[in-house]
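So the sequences go chain by chain: A and B.
Sequential numbering from 0 applies to the first sequence in numbering that gives the first Met the number 0.
Sequential numbering from 0 applies to the second sequence in numbering that gives the first Met the number 0.
It cannot be assumed that every hint is accurate.
[Said to hold, decoys possible] With a cut-off of at most 27 Å between alpha-carbon atoms, the simulated DSSO-like pairs for lysine-lysine come out as follows:
no.	chain 1	residue 1	chain 2	residue 2
1	A	264	B	198
2	A	268	B	248
3	A	267	B	71
4	B	268	A	124
5	A	35	B	33
6	B	268	A	260
7	B	249	A	245
8	A	124	B	33
9	B	245	A	198
10	A	198	B	264
11	B	257	A	245
12	A	248	B	245
13	B	257	A	268
[Said to hold, decoys possible] If you want the ones that stay clear, here's a sample from chain A, every Cβ over 10 Å from chain B, calculated:
no.	residue
14	39
15	124
16	244
The set of hints was computed from the structure by calculation and includes no laboratory data.
Backbone N, C-alpha and C define an ideal beta-carbon position, used for all residues, glycine too.
Protein chains: 2
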Amino acid sequence: MTITIIGVGLIGGSLAIGLRGFQTRIIGVDNNDKHKKEAIELGIVDAVLPLEEAVKISDLIIIAIPVNTARKILPYILDNISQEAVVVDVGSTKLGICNIARKHIRRKNFVASHPIAGTENSGPKAAFSTLFENKLSIICEKELSSDFALNMVEKMYNILNMKIIYMPAEPHDQHIAYVSHLSHITSFTLGLTVLEIEKNEKNIFNLAGSGLASTVRLAKSSPEMWAPIFEQNSDNLSQALDAYIKNLKKFKKIIDNKDNKAAYKLMKKANNIRKVLDGIENNIK
Amino acid sequence: MTITIIGVGLIGGSLAIGLRGFQTRIIGVDNNDKHKKEAIELGIVDAVLPLEEAVKISDLIIIAIPVNTARKILPYILDNISQEAVVVDVGSTKLGICNIARKHIRRKNFVASHPIAGTENSGPKAAFSTLFENKLSIICEKELSSDFALNMVEKMYNILNMKIIYMPAEPHDQHIAYVSHLSHITSFTLGLTVLEIEKNEKNIFNLAGSGLASTVRLAKSSPEMWAPIFEQNSDNLSQALDAYIKNLKKFKKIIDNKDNKAAYKLMKKANNIRKVLDGIENNIK
């Protein structure tokens with residue numbers, strides 16, 4: 000079996016490493032010469048080929064590039080694969096690519112998915128075998144994929160030790176705006192704000208503790224990956240940001256008024272996130 | 000030597016455990032009956048006494064309670080200690096308590112400090128011996144403490160393996176607003192917003208990854224501890240929040256306009272936080 004992974008960065012590279020036992024040949028496709036070289040040197044892929052060649056000879060094609068280029072490339076891939084080949088994408092927004100796939104005559108060869116895993120690092124060097132371990136992957140519009148394609152992708156996620164849930168693309172993008180995309184914005188913005196004020200980076204380094212490190216960690220994430228996600232999930236994210244800014248202004252007013260009781264009440268409510276987080280952390284462990 | 004720790008929670012409890020080799024007797028003072036019992040049962044303190052008794056017989060008194068009650072209790076403590084006793088506070092805001100101490104005839108017996116360490120957990124059960132290890136403690140207005148008092152507190156932080164830096168109270172509170180207090184607000188607010196929208200907590204649990212877990216971790220923090228900090232650092236924090244909200248609105252506008260290039264540029268700037276964080280994380284390790 001031949002698998003092509005388009006985009007051998009953190010996600011694509013980790014998929015390649017995680018699927019090693021699952022097949023015979025992994026081909027990498029990448030625009031970035033440095034990433035191509037690294038993917039070969041690190042033994043992440045067996046070969047690097049141009050997209051045109053790789054697509055024709057593969058049984059499974061995984062699209063692991065930013066969501067805007069994934070959308071653009073999908074019709075070309077579906078046009079050029081063999082009859083029985085399966086194409087899966089792993090992007091963080093699903094409605095856009097599902098809308099494009101729906102118009103294609105080979106829609107049934109495609110599976111729209113989103114494995115919820117990542118780190119703030121990027122490139123083949125950031126890839127590691129257990130990135131997906133015990134995490135969740137979402138498959139959208141499964142009724143539009145053939146049983147053959149769906150089974151292959153489910154098998155792939157099983158090999159990676161992921162749980163699978165199914166949902167339509169629209170609620171996927173709405174929920175993910177709140178539980179993933181929003182926290183990236185708050186983190187990027189915190190990083191920006193701290194850097195603007197604390198011109199002397201040595202001050203931040205000296206004074207900040209593990210609290211800032213954890214809250215601002217996602218501000219290290221790849222702009223190449225995230226700019227297109229924000230663009231594609233713009234409407235949902237805009238609503239999430241409105242809700243967040245509203246709560247933030249409420250909190251600020253309480254602080255301006257030095258209203259201890261109201262601040263206490265607000266934080267007590269936020270504390271309820273603990274049981275949710277304990278679940279996530281136990282899951283990750 | 001007898002040490003009294005007022006407030007045997009996460010910070011006070013961890014101080015008690017960390018200072019074990021340093022003295023002969025550790026006395027705990029706490030309003031909370033459950034915490035008193037736990038501190039004895041866990042062997043964190045040798046005895047629990049009422050404040051009045053503990054203060055009179057101690058060589059070192061550590062104030063590790065919320066910053067509003069710390070301010071209130073300080074004059075009483077200074078009034079009732081023996082001539083040579085040393086009092087130190089470990090609160091996250093310094094100007095308020097320094098202003099109060101400055102008026103006291105025994106100012107020189109007092110050291111205003113802020114060991115930068117903590118977790119999102121609270122109470123004696125959350126205490127652990129290495130909380131302070133390789134972290135930084137700030138001492139404010141050291142010129143108003145006697146050499147004897149300053150030496151004792153420096154020795155205490157050395158035993159805990161902390162580095163010490165010195166700064167006036169006002170810049171301390173300003174810097175800490177940005178590098179610590181602000182990130183607590185953004186995290187509490189993120190927790191609130193996600194909980195409001197995702198009424199079904201199982202959804203959050205299912206869909207959120209390690210990114211949300213890290214960004215929202217501080218939303219688990221103790222409201223009892225943080226409400227008074229926000230109140231006391233209200234002015235600085237209000238400025239920090241204004242800057243943060245301004246950046247957030249700018250980011251939102253970019254997302255509303257689907258302006259990929261501007262989003263990319265903003266995130267690239269925020270990425271500079273990486274070198275700062277790498278420093279913090281190496282420091283923590």
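So, going through the hints one by one against the coordinates:
Taking the CA atoms of residue 264 of chain A and residue 198 of chain B, the gap is about 19 Å. The hint holds against a cut of 27 Å. Our distance criterion of 27 Å between C-alpha atoms is met by residue 268 of chain A and residue 248 of chain B, whose separation comes to about 25 Å. A threshold of 27 Å between alpha carbons decides the hint, and for residue 267 of chain A with residue 71 of chain B the separation of about 24 Å falls inside it, so the pair holds. Restraint check for residue 268 of chain B and residue 124 of chain A: satisfied, since their Cα atoms lie roughly 22 Å apart, inside the 27 Å limit.
Of the pairs offered as hints, the one joining residue 35 of chain A and residue 33 of chain B is violated, with about 60 Å between alpha carbons and a cut-off of 27 Å exceeded. Using a Cα cut-off of 27 Å, the hinted pair residue 268 of chain B and residue 260 of chain A is violated, with the two alpha carbons roughly 37 Å apart. A distance of roughly 15 Å separates the Cα atoms of residue 249 of chain B and residue 245 of chain A; the hinted pair therefore holds under the 27 Å criterion. Using a Cα cut-off of 27 Å, the hinted pair residue 124 of chain A and residue 33 of chain B is violated, with the two alpha carbons roughly 49 Å apart.
Among the hinted pairs, residue 245 of chain B with residue 198 of chain A is consistent with the structure: their alpha-carbon atoms are about 18 Å apart, no more than 27 Å. Simply put, residue 198 of chain A and residue 264 of chain B have alpha-carbon atoms about 19 Å apart, close enough for the 27 Å limit, and the pair holds. For a cut-off of 27 Å, the pair hint linking residue 257 of chain B to residue 245 of chain A stands: about 22 Å separates their Cα positions. Our distance criterion of 27 Å between C-alpha atoms is met by residue 248 of chain A and residue 245 of chain B, whose separation comes to about 11 Å.
Distance restraint check for residue 257 of chain B and residue 268 of chain A: the Cα-Cα separation of roughly 33 Å exceeds the 27 Å cut-off, and the hinted pair is therefore not satisfied. No beta-carbon of chain B comes within 10 Å of the beta-carbon of residue 39 of chain A; the shortest separation is about 26 Å. Once the 10 Å rule is applied to beta carbons, residue 124 of chain A is consistent with being away from chain B; the minimum gap is 15 Å. Chain B draws residue 244 of chain A into its interface by the beta-carbon criterion, the shortest separation being 6 Å against a cut-off of 10 Å.
Hints 5, 6, 8, 13, 16 from the list above are not met by this structure, while the remaining hints are.
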